[in-house]
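*Asks:* Chain order of the listed sequences is G and E.
FYI, in the working numbering the residues of the first sequence are 1 to 437.
FYI, in the working numbering the residues of the second sequence are 1 to 263.
Treat each hint with caution, since some may be false.
Claimed, not checked - Simulated crosslink set (DSSO-like; lysine-lysine; CA at most 30 Å straight-line):
hint	chain 1	residue 1	chain 2	residue 2
1	G	Lys324	E	Lys206
2	G	Lys396	G	Lys377
3	G	Lys309	E	Lys111
4	G	Lys114	G	Lys219
5	E	Lys231	G	Lys436
6	E	Lys206	G	Lys53
Stated by the list, open to error - FRET-style restraints, in silico, Cβ to Cβ:
hint	chain 1	residue 1	chain 2	residue 2	range
7	E	Asp117	G	Ala397	55 to 63 Å
8	E	Arg224	G	Gly65	33 to 41 Å
9	E	Ile191	G	Asp320	49 to 57 Å
10	G	Gly65	E	Ile221	31 to 39 Å
11	G	Val252	E	Lys111	42 to 50 Å
12	E	Glu38	G	Trp392	31 to 39 Å
13	G	Thr354	E	Gly134	15 to 23 Å
14	G	Asp320	E	Gly134	15 to 23 Å
15	G	Ser355	E	Pro205	37 to 45 Å
16	G	Met334	E	Ser213	21 to 29 Å
17	E	Gly53	G	Phe401	27 to 35 Å
Unchecked claim - Below, a sample of chain E positions facing chain G; criterion: calculated Cβ distance under 7 Å:
hint	residue
18	Gly19
19	Thr115
20	Gly131
What the hints contain is simulated information worked out from the structure, not anything from laboratory work.
The C-beta atom is built at its ideal place from N, Cα and C for all residues, glycine as well.
So you can see what is in the structure, the chains are spelled out below.
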Amino acid sequence: MIELRMRRGVHPPEGKLSASSPIQEFPLPRQVIIPFSQHAGKPATPLVKKRQKVKTGEKIGEASGFISAPVHSSVTGTIKALETVLLPNGSSALAAIISVEGEDDWAEPTWPVKELSELTPDDLRKIAKEAGIVGLGGAVFPTSVKISPPKEYPIDSVIVNGAECEPYLTSDHRLMLEHTEEIFQAAQLLKMTVGAKRGYIAIEDNKRDAAEAFEKLAKGMPDWEVVLLKTRYPQGAEKSLIKVILGREVPVGGLPFHVGALVQNVGTLYAIYEAAANGIPLIKRVVTVTGEGVEKPSNFMTRIGTSAKELLTAAGAPLDEAAKIIFGGPMMGMAVKSPDIPVLKSTSGILVLTSAKKRKVFPCLYCGKCVYACPLKITTTRLVKYIQAGMWDQAKAFGLFNCMECGVCSYVCPANIPLVHWIRYGKFMVRMMEAKS
Amino acid sequence: MNTAIISLVIMGAVALVFGIIIALAYSKFKVEVDPRVEEIFEILPGVNCGACGYPGCQNYAEAVASGAAPPNKCTVGGPEVAAKVAAIMGLEAGEVERKVAKVLCIGDREKSVWTADYDGPQTCAAAHVAGGAGKACSYGCLGFGDCVEACPFDAIHMNDKGIPVVDEEKCTGCGLCAEACPRDIIVIEPIEKRTYVFCRSHDTPKRSREVCSVSCIACGICVRLAPEGLKMEDNLAVVIDPEKVTDQAIAKCPTKVLFRMEP
Numbered sequence: 001m002i003e004l005r006m007r008r009g010v011h012p013p014e015g016k017l018s019a020s021s022p023i024q025e026f027p028l029p030r031q032v033i034i035p036f037s038q039h040a041g042k043p044a045t046p047l048v049k050k051r052q053k054v055k056t057g058e059k060i061g062e063a064s065g066f067i068s069a070p071v072h073s074s075v076t077g078t079i080k081a082l083e084t085v086l087l088p089n090g091s092s093a094l095a096a097i098i099s100v101e102g103e104d105d106w107a108e109p110t111w112p113v114k115e116l117s118e119l120t121p122d123d124l125r126k127i128a129k130e131a132g133i134v135g136l137g138g139a140v141f142p143t144s145v146k147i148s149p150p151k152e153y154p155i156d157s158v159i160v161n162g163a164e165c166e167p168y169l170t171s172d173h174r175l176m177l178e179h180t181e182e183i184f185q186a187a188q189l190l191k192m193t194v195g196a197k198r199g200y201i202a203i204e205d206n207k208r209d210a211a212e213a214f215e216k217l218a219k220g221m222p223d224w225e226v227v228l229l230k231t232r233y234p235q236g237a238e239k240s241l242i243k244v245i246l247g248r249e250v251p252v253g254g255l256p257f258h259v260g261a262l263v264q265n266v267g268t269l270y271a272i273y274e275a276a277a278n279g280i281p282l283i284k285r286v287v288t289v290t291g292e293g294v295e296k297p298s299n300f301m302t303r304i305g306t307s308a309k310e311l312l313t314a315a316g317a318p319l320d321e322a323a324k325i326i327f328g329g330p331m332m333g334m335a336v337k338s339p340d341i342p343v344l345k346s347t348s349g350i351l352v353l354t355s356a357k358k359r360k361v362f363p364c365l366y367c368g369k370c371v372y373a374c375p376l377k378i379t380t381t382r383l384v385k386y387i388q389a390g391m392w393d394q395a396k397a398f399g400l401f402n403c404m405e406c407g408v409c410s411y412v413c414p415a416n417i418p419l420v421h422w423i424r425y426g427k428f429m430v431r432m433m434e435a436k437s
Numbered sequence: 001m002n003t004a005i006i007s008l009v010i011m012g013a014v015a016l017v018f019g020i021i022i023a024l025a026y027s028k029f030k031v032e033v034d035p036r037v038e039e040i041f042e043i044l045p046g047v048n049c050g051a052c053g054y055p056g057c058q059n060y061a062e063a064v065a066s067g068a069a070p071p072n073k074c075t076v077g078g079p080e081v082a083a084k085v086a087a088i089m090g091l092e093a094g095e096v097e098r099k100v101a102k103v104l105c106i107g108d109r110e111k112s113v114w115t116a117d118y119d120g121p122q123t124c125a126a127a128h129v130a131g132g133a134g135k136a137c138s139y140g141c142l143g144f145g146d147c148v149e150a151c152p153f154d155a156i157h158m159n160d161k162g163i164p165v166v167d168e169e170k171c172t173g174c175g176l177c178a179e180a181c182p183r184d185i186i187v188i189e190p191i192e193k194r195t196y197v198f199c200r201s202h203d204t205p206k207r208s209r210e211v212c213s214v215s216c217i218a219c220g221i222c223v224r225l226a227p228e229g230l231k232m233e234d235n236l237a238v239v240i241d242p243e244k245v246t247d248q249a250i251a252k253c254p255t256k257v258l259f260r261m262e263p
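Kindly produce the complete structure, drawing on both the sequences and the hints.
*Replies:* The structure is reproduced here in structure tokens:
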């Protein structure tokens, strides 16, 4: 085991309330809402009609392009309607509303299920594509695209991302403790698929127990290394991990394969294992339900499409006392007004806070805290000033599109300036103007 | 005394030499400019709004003088400017179609559903990237007035319920408000065209009904009653020919989003 730490970034209070509660299988809901756009890229094309019967694991939406992913029914039942529904990020998308009818009747997987040792790289790519597997760390980028890098960029290192640097969230932590072996097997498959020489398992030191579990498995395997990272946010971001572990910097606008690296979240690896070994597509995930407003902070293995309200009720959250409900972690999550929103592939947690302050925004003090904290070395003070002034060319030169919106700058800002919001606004304005001209 | 004279003489000589060099250079490298460019530029309003399709008035003047652009493209100046420009060029002015901005959303704060409080940067675009500032309709007007900010003619104002209203007297149809709108609610169309479906929502009928009381719910009644005047496009009725939209179709619209604007 080697120990490393990230420079820059912040260390917010961890608040991992649910770290000691084992993953519970969440009971089948009465109805699920499955949006056709749960991944980065183009929404899936619906394959089903109203009143059609579907089985658990049946494909209901087909990937509509290279960067896209199929969507599967997470229950057995009837399609009640195809409707536009609200997503956690405030946008709306077409979704299939399925009423559940009885226990699971599993659909045949659309890929061959073989012994894990017999799988070839092409098999694994097919599995990732057909099973609708996307990056479960939050970016929901289609995994099949990630593991098919162009030939001129050979990948030498695979990094298993178990950092889980967002405060409060524990879904990856529990998964690593309870399914260590499955994750490790999937990681080996992945390493074989891309032909990497080295494998790293990156875990932050607030999850030492998980790191030790992996250390036991990786013992005697010279090409695998467990990396214990000093807890720091946003260390779990792909580019931060590559920088910390491999010392390489992903170029602006580039992807990890440009520097010969592949990073996969442990949740994604578990989904790959389930698909490869058991023929189960990505229809469930671990969701942490936590926060001061929850009586029993828990980790639920939940069907995609289950209403967040049911999870909150099960975890004992008096909804009228909640001041703020956040989908995802406190740093990058989205605050939602109503919990009548389905759990998506990207939902790693639901956070209920009992106090939420509306903070007064003051003018910038030029203290430079945001600049010191930014993991991507963006001069946030200048960048946001340019955005506020509408000076788009200068904003671009100051790294507008380098920003990954991790939220560190807004977190440290003593003047409470919503810096990330301004940057997202800037990105939107530049894209809009480019589209309209 | 002597020093003063010497310096004066030297400076004078230097100035003379440079003056001659500049004069020679001017006559040698002179750029021929069409004098009409200057004349046309003088006549144009000089707001650099870009409605003519050129970046600014100077560029449009150059284009007209070189014959690349017709003289009637300046919507701000209207027929008067077009006539003067045409006179300089010795052309027919042609018709200047007067266009104005029209706001195709009437879902104000009272008629539409808002689901969240928003306290981020107070612009429409910033609210739009934050999921629409809590406005349940993801197509409707957000009411922070990016269009008002963009207007160089003070021709668009927010009413007290958060929907912009165009002052057609002042509006020149330059289109800067339409460009600023993150939701493409504003269109620039001929002033004579008065009949519109005042909604831009492509939501399913059920959702449209839930989020706003004045939305197009894609019932199709207007399209059935005036099939030549309207068509249905992805859950939204669109006027294709205002002449053919019958009074009956307007009267039967259940949410009253199809109507004729007051002149």
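*Asks:* The structure should be examined with respect to each hint, and the outcome stated for every one.
*Replies:* Here is what the structure says about each hint:
The straight-line distance between the Cα atoms of Lys324 (chain G) and Lys206 (chain E) is roughly 28 Å, inside the 30 Å bound, and the hint therefore holds. Restraint check: the Cα-Cα separation between Lys396 (chain G) and Lys377 (chain G) comes to about 14 Å, which is no more than 30 Å; the hinted pair holds. Restraint check for Lys309 (chain G) and Lys111 (chain E): satisfied, since their Cα atoms lie roughly 28 Å apart, inside the 30 Å limit. Taking the CA atoms of Lys114 (chain G) and Lys219 (chain G), the gap is about 27 Å. The hint holds against a cut of 30 Å.
About 25 Å separates the Cα atoms of Lys231 (chain E) and Lys436 (chain G), which keeps this hinted pair within 30 Å; it holds. Distance hint between Lys206 (chain E) and Lys53 (chain G) is fulfilled; the C-alpha atoms sit about 23 Å from each other, no more than 30 Å. Look at Asp117 (chain E) against Ala397 (chain G): about 35 Å separates their beta carbons, and that is not inside 55 to 63 Å. A beta carbon spacing of about 36 Å between Arg224 (chain E) and Gly65 (chain G) agrees with the range 33 to 41 Å that was offered as a hint.
Checked against the hint of 49 to 57 Å, the pair Ile191 (chain E) and Asp320 (chain G) passes, with Cβ atoms roughly 52 Å apart. The supplied range of 31 to 39 Å is met by Gly65 (chain G) and Ile221 (chain E), whose beta-carbon atoms lie about 37 Å from each other. For the pair Val252 (chain G) and Lys111 (chain E), the beta carbons lie near 45 Å from each other, so the given range of 42 to 50 Å is met. Glu38 (chain E) and Trp392 (chain G) have their C-beta atoms about 32 Å apart, which keeps the hinted 31 to 39 Å range intact.
Checking the proposed 15 to 23 Å range against Thr354 (chain G) and Gly134 (chain E) shows it holds: the Cβ atoms sit about 21 Å from each other. Between Asp320 (chain G) and Gly134 (chain E) the CB atoms are about 19 Å apart, so this pair conforms to the stated range of 15 to 23 Å. Between Ser355 (chain G) and Pro205 (chain E) the C-beta distance comes to about 40 Å, which sits within the given range of 37 to 45 Å. Our hint of 21 to 29 Å for Met334 (chain G) and Ser213 (chain E) holds, since their Cβ atoms are close to 27 Å apart.
Hint check: Gly53 (chain E) to Phe401 (chain G), Cβ distance near 29 Å, so the stated range 27 to 35 Å holds. The interface hint given for Gly19 (chain E) is violated, since its Cβ lies 40 Å from the closest Cβ of chain G, which is over the 7 Å cut-off. The restraint placing Thr115 (chain E) at the interface with chain G holds, with a minimum CB-CB distance near 5 Å, inside the 7 Å limit. Hint status for Gly131 (chain E) relative to chain G: holds, with the closest Cβ pair at about 2 Å, below 7 Å.
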